[in-house]
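Asker: Please work from the sequences and hints to get the whole structure.
Protein chains: 2
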Amino acid sequence: MTYCVAMRLRAGLLFASDTRTNAGIDHIASFRKMYQFQIPHQREIVVLTAGNLATTQSVMSVLNQRLHGDGEHLLNVPSLYDAAALLGRTLKEIIARDSHDYNGGVDFGANMLIGGQILGEGPRLFHVYPQGNFIEATEDTPYFQIGESKYGKPIIDRVVRYETTPLDEAAKCTLVSFDSTIQSNLSVGLPIDMLMLRANQFEMAMKPPHRIGRDDPYFQALRAGWSEGLRRVFDNLPNEPWFDE
Amino acid sequence: MTYCVAMRLRAGLLFASDTRTNAGIDHIASFRKMYQFQIPHQREIVVLTAGNLATTQSVMSVLNQRLHGDGEHLLNVPSLYDAAALLGRTLKEIIARDSHDYNGGVDFGANMLIGGQILGEGPRLFHVYPQGNFIEATEDTPYFQIGESKYGKPIIDRVVRYETTPLDEAAKCTLVSFDSTIQSNLSVGLPIDMLMLRANQFEMAMKPPHRIGRDDPYFQALRAGWSEGLRRVFDNLPNEPWFDE
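Top line first, the protein sequences correspond to chains G and A.
Using full-length UniProt numbering, the first residue of the first sequence is number 1, and each one after it goes up by one.
Using full-length UniProt numbering, the first residue of the second sequence is number 1, and each one after it goes up by one.
Bear in mind the hints are in silico, worked out from the structure with no lab data behind them.
Given the structure is predicted, the values throughout are model-derived calculations rather than measurements.
Every residue, glycine too, gets a C-beta built ideally from N, C-alpha and C.
Keep in mind that a hint or two might mislead.
[Stated by the list, open to error] If you want the ones that stay clear, here's a sample from chain A, every Cβ over 12 angstroms from chain G, calculated:
| no. | residue |
| --- | --- |
| 1 | Arg32 |
| 2 | Gln38 |
| 3 | Gln57 |
| 4 | Gly122 |
| 5 | Pro130 |
| 6 | Tyr162 |
| 7 | Gly213 |
| 8 | Asp215 |
| 9 | Val233 |
[What the hints assert, rightly or not] Some, not all, of what chain A presents toward chain G, calculated at C-beta under 10 angstroms:
| no. | residue |
| --- | --- |
| 10 | Ile135 |
| 11 | Glu148 |
| 12 | Val159 |
| 13 | Arg161 |
| 14 | Lys172 |
| 15 | Cys173 |
| 16 | Arg198 |
| 17 | Phe202 |
| 18 | His210 |
| 19 | Gly225 |
| 20 | Gly229 |
| 21 | Arg231 |
| 22 | Phe243 |
[Stated by the list, open to error] Restraint-style ranges between C-beta atoms, simulated for each label pair:
| no. | chain 1 | residue 1 | chain 2 | residue 2 | range |
| --- | --- | --- | --- | --- | --- |
| 23 | G | Arg97 | A | Leu67 | 54 to 60 angstroms |
| 24 | G | Asp70 | A | Gly105 | 41 to 47 angstroms |
| 25 | G | Ile39 | A | Gly225 | 48 to 54 angstroms |
| 26 | G | Arg97 | A | Asp157 | 47 to 53 angstroms |
| 27 | A | Arg158 | G | Tyr81 | 37 to 43 angstroms |
| 28 | G | Asn103 | A | Asp70 | 48 to 54 angstroms |
| 29 | A | Arg158 | G | Thr164 | 24 to 30 angstroms |
| 30 | G | Thr164 | A | Thr138 | 32 to 38 angstroms |
| 31 | G | Thr138 | A | Arg211 | 35 to 41 angstroms |
| 32 | G | Asn239 | A | Gly69 | 41 to 47 angstroms |
| 33 | A | Tyr102 | G | Gly104 | 24 to 30 angstroms |
| 34 | A | Arg232 | G | Glu139 | 25 to 31 angstroms |
| 35 | G | Gly105 | A | Arg161 | 36 to 42 angstroms |
| 36 | G | Gln131 | A | Arg158 | 16 to 22 angstroms |
Answerer: Printed below as a string of structure tokens:
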């Protein structure tokens, strides 16, 4: 499985993905699930992928190949909305191609998040479904998750607000959310790729994603502090005298 | 949806279930998902249900009707293992009956937890699958969840240990786990039914389950304390200076 989170806040955008893929029980491996498309000072687009690995890799290969053609591609679409529509069409095309003759009971589906900023509009973020349609993040719902999303959802719901959450706090919350997910689900694993884009600051465009592994001192400090802190809060909550004796 | 948790600890057994059922978008209602079967001082059996409401209600009706017959039933089976097997057979029987001629794309499946103690053996706990087979809780894995289980799993993983967790702490952890689930998933709702059985103390058998609603002062104190505590721990975790400036 996979766990990916993306947030669109007033301060900017955050993307994070794990790197574990299991294609069958004896084939556990690490694959990148984060892809960047950029023109310095003009556009920055990030795609996160979850689902069938053959599908997601094919979609990304096709999108990359088309960058050199005459047609519509991620470096010439006029808006993020058009980028999401293009990603949706490509995803549908690959799923249709691969599942056409023989699918052997395999789910070829994939979910993707696409976000970023194109000069002339603000930062935007979309969740693209296997059916090719998509929804956009709003101020009320400033984040999307794909993959094993449930374990790490409560902390994001408690912390993240479009207007007020700065990017460093969003990053902290995202790593805590990954920690909860990794603790409860073996199929999500380190390292984590994380990338942040400040709103309207296209000079950030060339920074590579930060890769956070088991030995990352900040992630270690968060894990330990969160685990001890939770335990302390839990222990300090009152006990109810349920039994009379 | 539903959220149910059951734990088998050295100290005893705990069962908890929410009460929200949505059979279609405009039909949200409260139904009991906890059922007790008891013979004072001799046996105490509790069943928790999740899944298709028609299936779970039918299974419980059939199990109840058979209490008055000559055959095997929950008040005469010699062990909890046999109780789980009986529940599994009944579940399979109802699903087969209801889905036989026309299923209209509906999932008739249900998952159930059955636990308790029968005089002559220790407390036991089983998870019964829609296929009718089942697994038993062990000292390594002392709890089961059914329904919307993921949001509330991390806190249980962090806190509950078979040997050392007392029942009042298990109850506290269970309510925090419900709080996380209810915060993140609208389809799980209050009130919560909760029931605890101390190991080898059959005199508890006649206590009705405790029903915890929105106004329950203990649950309110836990919610507030947990929410504030989490926020405090989160705020005290270090921020990483991700951006240089």
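Asker: Run every hint past the structure and note whether it holds.
Answerer: Verification of the hints:
no.: 1; hint: Arg32; verdict: holds, 20 angstroms
no.: 2; hint: Gln38; verdict: holds, 18 angstroms
no.: 3; hint: Gln57; verdict: holds, 27 angstroms
no.: 4; hint: Gly122; verdict: holds, 19 angstroms
no.: 5; hint: Pro130; verdict: holds, 19 angstroms
no.: 6; hint: Tyr162; verdict: holds, 18 angstroms
no.: 7; hint: Gly213; verdict: holds, 15 angstroms
no.: 8; hint: Asp215; verdict: holds, 15 angstroms
no.: 9; hint: Val233; verdict: violated, 3 angstroms
no.: 10; hint: Ile135; verdict: violated, 18 angstroms
no.: 11; hint: Glu148; verdict: holds, 8 angstroms
no.: 12; hint: Val159; verdict: holds, 6 angstroms
no.: 13; hint: Arg161; verdict: violated, 12 angstroms
no.: 14; hint: Lys172; verdict: holds, 6 angstroms
no.: 15; hint: Cys173; verdict: holds, 7 angstroms
no.: 16; hint: Arg198; verdict: holds, 7 angstroms
no.: 17; hint: Phe202; verdict: violated, 14 angstroms
no.: 18; hint: His210; verdict: holds, 7 angstroms
no.: 19; hint: Gly225; verdict: holds, 5 angstroms
no.: 20; hint: Gly229; verdict: holds, 3 angstroms
no.: 21; hint: Arg231; verdict: holds, 7 angstroms
no.: 22; hint: Phe243; verdict: holds, 7 angstroms
no.: 23; hint: G:Arg97 - A:Leu67: 54 to 60 angstroms; verdict: holds, 58 angstroms
no.: 24; hint: G:Asp70 - A:Gly105: 41 to 47 angstroms; verdict: holds, 45 angstroms
no.: 25; hint: G:Ile39 - A:Gly225: 48 to 54 angstroms; verdict: holds, 50 angstroms
no.: 26; hint: G:Arg97 - A:Asp157: 47 to 53 angstroms; verdict: violated, 41 angstroms
no.: 27; hint: A:Arg158 - G:Tyr81: 37 to 43 angstroms; verdict: holds, 42 angstroms
no.: 28; hint: G:Asn103 - A:Asp70: 48 to 54 angstroms; verdict: holds, 51 angstroms
no.: 29; hint: A:Arg158 - G:Thr164: 24 to 30 angstroms; verdict: holds, 28 angstroms
no.: 30; hint: G:Thr164 - A:Thr138: 32 to 38 angstroms; verdict: violated, 46 angstroms
no.: 31; hint: G:Thr138 - A:Arg211: 35 to 41 angstroms; verdict: holds, 37 angstroms
no.: 32; hint: G:Asn239 - A:Gly69: 41 to 47 angstroms; verdict: holds, 44 angstroms
no.: 33; hint: A:Tyr102 - G:Gly104: 24 to 30 angstroms; verdict: holds, 28 angstroms
no.: 34; hint: A:Arg232 - G:Glu139: 25 to 31 angstroms; verdict: holds, 26 angstroms
no.: 35; hint: G:Gly105 - A:Arg161: 36 to 42 angstroms; verdict: holds, 40 angstroms
no.: 36; hint: G:Gln131 - A:Arg158: 16 to 22 angstroms; verdict: violated, 37 angstroms
The structure does not agree with the numbered hints 9, 10, 13, 17, 26, 30, 36 stated previously, though it agrees with the rest.
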